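**Student:** Read off the chains here:
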Amino acid sequence: MTERDTTVIARTVTRTVVPIIVLVSVALLLQGHNLPGGGFIAGVLTATAFALLYVIYGIDSVGDSLVRHPDGFPIAILRGPTAAYSRAFTVGLAIAVVGGLGSILLGFPFLTQGVVFLEHVPLYEELEVASALMFDMGVYFVVVGALLTILAVVGAE
Amino acid sequence: MQPSPLVVLGALALPFVGAALTPLVYRLLGERTAYYAAAVALGTFGLLASQFVAGVEGAVHVPWIPELGVSLTFYLDGLAFLIAFLASGVGVLVFTYSAGYMHGEEGLLKYYATLLAFMGSMVGVALAADLVALFMFWEFTSVTSFLLIGHHQRDPESGYAARKSMLITVAGGLFMLVGFLLLAFVAGGTEIGRTFTLVGGEAVTLTGETVMLESMIGNADLMREALTASGLFVPTMLLVGMGAITKSAQVPFHGWLPNAMAAPTPVSAFLHSATMVKAGVYLVGRVRPLFLPELPTPDWMLVFATLGLFSMTVTAILAVGATDIKELLAYSTASHLSLIVAGFGFGGAAGVELGAETGAFHIFNHAIFKATLFLVAGIIAHEAGTRMIDELGGLREEMPIVAGITAIAALGMAGVPPFNGFWSKELLFETAYYVAEAEGGIFWLYPAVAVFGSVFTFLYSMKFLSLFFGEKPDALGHVHRPPVAMLAPPALLAAIALAVGLVPQLAIDAIVQSAFESALPPGVEAHALELSLVKLLDPTPYLGMSLLTIVLGAAAYTQYDLLHGAVLRAMAVPVTSPDWYYDRTVAAFGRGGALVDRYVQTGLFRTYAQAYLLSVAGLALAGYVATGAALPAFEGINVALPIVFVLLVAVVGAFAVVGAPSHVAGVLTLSILGFMVAVFYVLASAPDLALTQLVIETLLLVIFLLVLDRLPAYYGDIGRREGIQDVLVAGTVGVAVFFTVLLATGASPDDPIYRYFLETAPVPAEHGPFFFDAGGGGNVVNVILVDFRAFDTLGEISVVAMAALSVLVLVAMRGRGRGQDRPDSETAAGEVDAPASAHNGGASDD
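Chains as they are written, first to last, in the UniProt record's numbering: chain A, 1 to 157; chain B, 1 to 846.
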């Protein structure tokens with residue numbers, strides 16, 4: 001990618017569009033319980049935003065500007081962004097499982113989800129909080145982490 | 001009295017927790033970790049003993065997967081206690097002994113952690129009353145013993161032995177699993193109901209409640225009737241038996257046991273005397289009540305008694321051919337296990353009770369004398385520096401105490417009165433004799449073979465003992481005395497053996513009586529087994545058999561070298577060699593695998609795609625044909641105009657893909673197809689699907705473009721042969737997908753599941769501030785994904801994570817495996833697999 005320069009237009013548009021895509025994906029994640037959306041779609045959308053960055057700016061600059069370089073990983077490829085991505089899907093899986101285990105502690109079967117209505121919240125008056133949102137976040141992080149890992153590893157080849 | 005759940009579960013968990021803590025302890029204690037491990041084993045022993053002393057018999061029940069009748073149920077009775085005590089008790093001694101033997105060795109941390117986990121698994125096997133739990137612990141023992149046998153990682157022989165034991169015992173375990181599933185299936189057809197509980201009755205749960213467990217053995221008559229009615233009796237018995245006979249190294253699966261001596265000697269002592277191989281005979285004893293009707297002569301006896309006596313003889317002969325002391329002991333182990341299997345195998349009115357006594361008593365005796373002898377073998381190897389029988393002799397001078405210990409154990413192994421092995425072997429003779437008397441005719445072969453095999457047992461036992469007598473070879477230098485940590489365990493075991501030999505009633509009263517009662521079919525009244533030295537004065541036919549064995553053995557011993565040479569020559573002949581079958585089978589698999597490499601996994605994406613697509617399409621089509629699925633009648637086209645338009649564009653896109661001149665054009669036109677499908681979803685009012693399709697399509701496009709940079713811009717010319725091939729593959733896949741869609745959409749179940757989802761997904765009309773019985777969300781698709789079917793989704797995201805991990809590891813490690821065949825081909829396969837499975841995970845999420 002790097003040997004071919006991208007145009008100024010593409011760079012500028014990307015710079016504007018990427019935050020919007022990420023914002024939309026977060027919105028999709030949060031509204032997923034009641035409107036179209038959900039962890040999976042949101043995750044893929046976030047990954048798409050990153051993919052766009054990769055295509056336009058190249059893999060090295062994304063790694064440099066977005067993610068720190070933790071050194072000392074035994075496997076050479078597990079440095080830079082890839083390490084962060086793989087952490088993301090690890091964390092995601094952990095969130096999903098821990099969320100599921102929580103219901104066991106309360107005496108329900110694994111992964112039972114519940115809904116709580118919070119009353120008298122400023123601005124919203126009544127807020128619906130579904131425990132499934134936590135699970136959704138797990139899905140989100142796994143998808144983002146996994147897709148970006150694949151993208152980074154394959155892209156670096 | 002009912003067991004205490006906390007104590008039982010604690011005893012079971014202790015070794016595993018101990019294993020998990022080993023790294024920490026090792027850092028603090030170093031080599032003295034041996035004593036820590038011994039303390040853990042002692043703790044398990046003590047916890048179990050507290051239950052045993054209280055006279056507990058019953059089950060502890062923890063629900064696991066109630067819908068499938070799977071639970072973590074542990075049953076404590078004589079047989080379970082016997083095996084668990086042997087595993088933990090011999091464990092204590094083996095750990096103590098290791099402190100001396102493993103001094104200065106590498107990999108001690110791994111060694112102790114694995115050995116602890118192994119011991120825990122064995123205790124699990126002994127206590128598990130649920131077939132699934134039993135299978136789980138069973139395979140744990142296979143895996144941990146694999147690690148233990150392969151302890152010397154860099155030694156190729158060690159690797160060969162570890163693989164061999166793993167392949168044979170795990171494969172046998174899989175047969176056993178099928179047998180277990182058949183048992184559960186058959187139980188489902190009776191009034192027991194589908195259950196995996198093998199043995200049970202009243203059980204206490206963790207919360208202290210008492211529940212009634214329906215178990216297979218508790219309803220053995222019902223089970224036998226159902227098994228016979230469905231024609232599954234013999235298949236199930238053989239399948240379950242496969243697990244037992246591979247694990248306990250019966251002929252023709254005896255090959256792995258002698259190789260397992262590649263493990264450090266304490267491990268061998270543990271594996272061969274008290275644990276791994278005992279799992280097999282334990283299972284035979286445990287399922288015996290299920291398969292053994294009282295009368296008439298059952299299939300059970302024909303299979304197990306015959307196999308047991310046959311393989312007892314074969315392996316005893318092989319032991320005579322051994323040149324290495326551990327090899328001798330290993331074959332002898334196989335032989336004695338066969339004796340136990342034969343004992344448990346006897347049935348009919350004459351053998352049902354005597355056989356159980358034989359099996360249970362010999363389990364005990366064999367563990368005691370064989371552990372002693374292995375520990376002695378370790379002392380010899382450690383102090384004399386060699387294990388070759390030819391090079392050893394006259395060790396008595398330097399190691400008088402060890403010589404005394406060996407004499408007690410070896411005479412017990414030989415079955416010489418009044419040492420411990422004599423009593424249980426005498427029981428075998430008695431059983432065989434009475435069964436032959438009852439059945440007559442060809443059944444007289446049973447006692448004849450028992451005597452014949454025992455002659456060889458006598459022979460090799462004497463050979464082992466002779467290491468301490470006679471002249472000391474000059475080549476053997478000064479032999480040191482063993483340290484106390486290595487001497488104390490065998491001395492203790494020999495003391496027990498001696499006590500049991502002189503007063504057999506001690507062992508019977510302590511545990512053997514209750515253990516053999518567990519191996520009796522329900523309803524058979526157990527008599528008290530009484531043995532004492534006085535019995536030796538009683539002239540009986542089976543005492544005659546014992547004397548005959550000793551006389552023949554003593555006579556044959558003068559010709560030992562001749563026999564030894566003959567057996568060695570026989571072992572060199574492929575057909576009679578113990579390793580030949582295994583090696584040939586593995587080699588055949590290797591050749592078969594190479595074919596797969598050549599024709600399927602060629603490293604070319606084309607071939608992969610062809611193989612996968614054709615097999616999936618073929619399977620699907622074959623499935624439709626086999627189930628006789630009928631195509632729905634054609635009812636005319638009734639779709640709205642916009643949809644027709646969108647689909648038309650998609651079709652045009654599809655044609656454009658075929659006609660595209662370059663990769664980039666191909667990918668771009670392909671995405672036309674994808675976007676049209678997304679629009680179709682919008683029109684079909686499925687916004688969630690549309691959104692997913694759009695985003696995935698975009699991402700795929702970007703990834704394609706990333707990869708395309710490396711590919712040549714233009715397609716190459718296609719030959720006629722490839723063209724035809726491609727048309728065939730594409731055609732088959734197309735037809736399969738076409739029929740799948742038609743059939744899938746044509747089916748309309750009477751009770752559609754969507755109603756349930758539509759009703760329970762949204763916020764219910766009446767609800768409190770907190771509720772969990774409904775989804776509580778407006779987006780049914782997402783509620784299904786994260787709530788109703790969250791477990792599915794969890795599986796899918798695990799697949800996605802796994803795919804990413806494999807890409808990461810395979811790409812990162814690609815450079816390392818050069819020069820070897822396997823890692824390379826795996827890399828190639830993984831790279832192609834991973835993105836595909838990632839996409840699958842995503843696609844099923846839609």
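Worth flagging that the hints you see were computed from the coordinates, not collected in a lab. Careful, some of the hints might be misleading.
[As the list claims (entries may be wrong)] Sample of chain A residues at the chain B side, in silico, Cβ under 7 Å:
1) Thr-7
2) Ala-27
3) Leu-30
4) His-33
5) Leu-53
6) Phe-117
7) His-120
8) Val-121
9) Pro-122
10) Leu-123
11) Ala-130
12) Met-134
13) Val-142
14) Thr-149
15) Val-153
16) Gly-155
[To be verified] Computed footprint of chain A on chain B, listed as stretches where at least three residues anywhere in the stretch have a Cβ under 8 Å from a Cβ of chain A:
17) 418-430
18) 780-790
19) 797-808
Computed from a predicted structure; not experimentally measured. Positions of the beta carbon are idealized from the N, C-alpha and C atoms, including for glycine.
**Student:** Does each hint fit the structure? Answer for all of them.
**Tutor:** How the hints compare with the structure:
1. Thr-7: violated (15 Å)
2. Ala-27: violated (12 Å)
3. Leu-30: violated (11 Å)
4. His-33: Given a least distance of 4 Å, the restraint on A:His-33 holds.
5. Leu-53: With Cβ-Cβ at 10 Å, over 7 Å, it is violated.
6. Phe-117: holds (5 Å)
7. His-120: violated (11 Å)
8. Val-121: violated (13 Å)
9. Pro-122: violated (18 Å)
10. Leu-123: It is violated, given that the least Cβ distance between A:Leu-123 and chain B is near 19 Å, above 7 Å.
11. Ala-130: holds (6 Å)
12. Met-134: violated (9 Å)
13. Val-142: Where the cut-off is 7 Å and the nearest Cβ of chain B is about 4 Å from A:Val-142, the hint holds.
14. Thr-149: holds (4 Å)
15. Val-153: holds (5 Å)
16. Gly-155: holds (5 Å)
17. 418-430: violated (count 0)
18. 780-790: holds (count 7)
19. 797-808: holds (count 9)
Going down the numbered hints, you'll see the structure goes against 1, 2, 3, 5, 7, 8, 9, 10, 12, 17, while the others check out.
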